[in-house]
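Could you slot chain F onto chain G? The hints should help.
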Amino acid sequence: MSVPPAAFLAAGTILFVIGLVGALLKRNALSIFLSIELMMNAVNLLFLTYGRMRGDPSSHVIVFFVIAIAAAEAAVGLAVFVALFRSRQTIEVDRVNLLKW
Amino acid sequence: MTAELLLFAFAAGLAIAFALAMVVEKTPVRSVLSLVVTFFGITVLAVMLAAPFIAAIIMIVYAGAILVLFLFVIMLLNLNEEAREKDSRPVQRVLGLVSALALGGLLLGLTLRAGKPPVEPSALPGRIPALDEIPLVGRLLFSDYLFAFEAVAVLLLAAAVGALILSRRRMD
Numbered sequence: 730m731s732v733p734p735a736a737f738l739a740a741g742t743i744l745f746v747i748g749l750v751g752a753l754l755k756r757n758a759l760s761i762f763l764s765i766e767l768m769m770n771a772v773n774l775l776f777l778t779y780g781r782m783r784g785d786p787s788s789h790v791i792v793f794f795v796i797a798i799a800a801a802e803a804a805v806g807l808a809v810f811v812a813l814f815r816s817r818q819t820i821e822v823d824r825v826n827l828l829k830w
Numbered sequence: 006m007t008a009e010l011l012l013f014a015f016a017a018g019l020a021i022a023f024a025l026a027m028v029v030e031k032t033p034v035r036s037v038l039s040l041v042v043t044f045f046g047i048t049v050l051a052v053m054l055a056a057p058f059i060a061a062i063i064m065i066v067y068a069g070a071i072l073v074l075f076l077f078v079i080m081l082l083n084l085n086e087e088a089r090e091k092d093s094r095p096v097q098r099v100l101g102l103v104s105a106l107a108l109g110g111l112l113l114g115l116t117l118r119a120g121k122p123p124v125e126p127s128a129l130p131g132r133i134p135a136l137d138e139i140p141l142v143g144r145l146l147f148s149d150y151l152f153a154f155e156a157v158a159v160l161l162l163a164a165a166v167g168a169l170i171l172s173r174r175r176m177d
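Top line first, the protein sequences correspond to chains G and F. Sequential numbering from 730 applies to the first sequence in the numbering used here. Sequential numbering from 6 applies to the second sequence in the numbering used here.
Same shape as in the complex, but just chain G (with noise of 0.2 angstroms):
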């Protein structure tokens, strides 16, 4: 590995940090879920490279598990939104505050 692991590590927490600027800025319930895929996936290359950098095979099992969960979060939170957007035709987050007050 001609790569250092440092510059794997840097492109993950990189990665992490675009996704959490996103969940934060963004006002589409969609695009904040969006951005939460990208940092699953921002966590999985950590994952990998703390793997290799260990030769711990265990790391794949994790990203495996990662993935499958962030499925059935797919699954359930588009049906959330889909349900959201029959009761109040709008997914903005702003105008979803029936529980904020």
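Be careful, since some hints might not be right.
As the list claims (entries may be wrong) - Example chain G residues on the side facing chain F (calculated, C-beta under 8 angstroms, incomplete):
1) Thr742
2) Ile743
3) Ser764
4) Asn826
Note that these hints are calculated values from the structure, not bench results. Just so you know, even glycine gets a beta-carbon here, dropped at the ideal spot from N, CA and C.
Okay, now just chain F, sitting in the frame of chain G:
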């Protein structure tokens, strides 16, 4: 040697550039398509980390299934006009950006400082031979992580049922 570095720079640059495009982009459909390109980059990085099976899973499950699900929901909800509204809360946006960037700088600094590998990088090739990955992961899944594996199976079933119940129409 240099080719590997070039490949890394290309893949990481692609992933980061399109991740930025995803955040900047206002239209949800374009955000999803940018994220697909980001996943291409992440897939290449995963292959470089000797994880071709995980790379294939990311491509098939994420880009192939989850993001297509996103596209379906976007088309179902017809979101294109809604995403173009003006920003309502500038203070929140500035605060969010500042705190996210501060946390990001902190994380990056910590990650790079803690990035000393416990084994020498030169000893790395061959520790997880690429072609041995699938039997290795399979053996771990069905021995050490068997309970977690079964729990995830139940979770997926519960999520599927929950999604069906959440998204059905009210039959009054």
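Quick rundown of the hints versus the structure:
no., hint, in the structure
1, Thr742, "holds (5 angstroms)"
2, Ile743, "holds (6 angstroms)"
3, Ser764, "holds (7 angstroms)"
4, Asn826, "violated (12 angstroms)"
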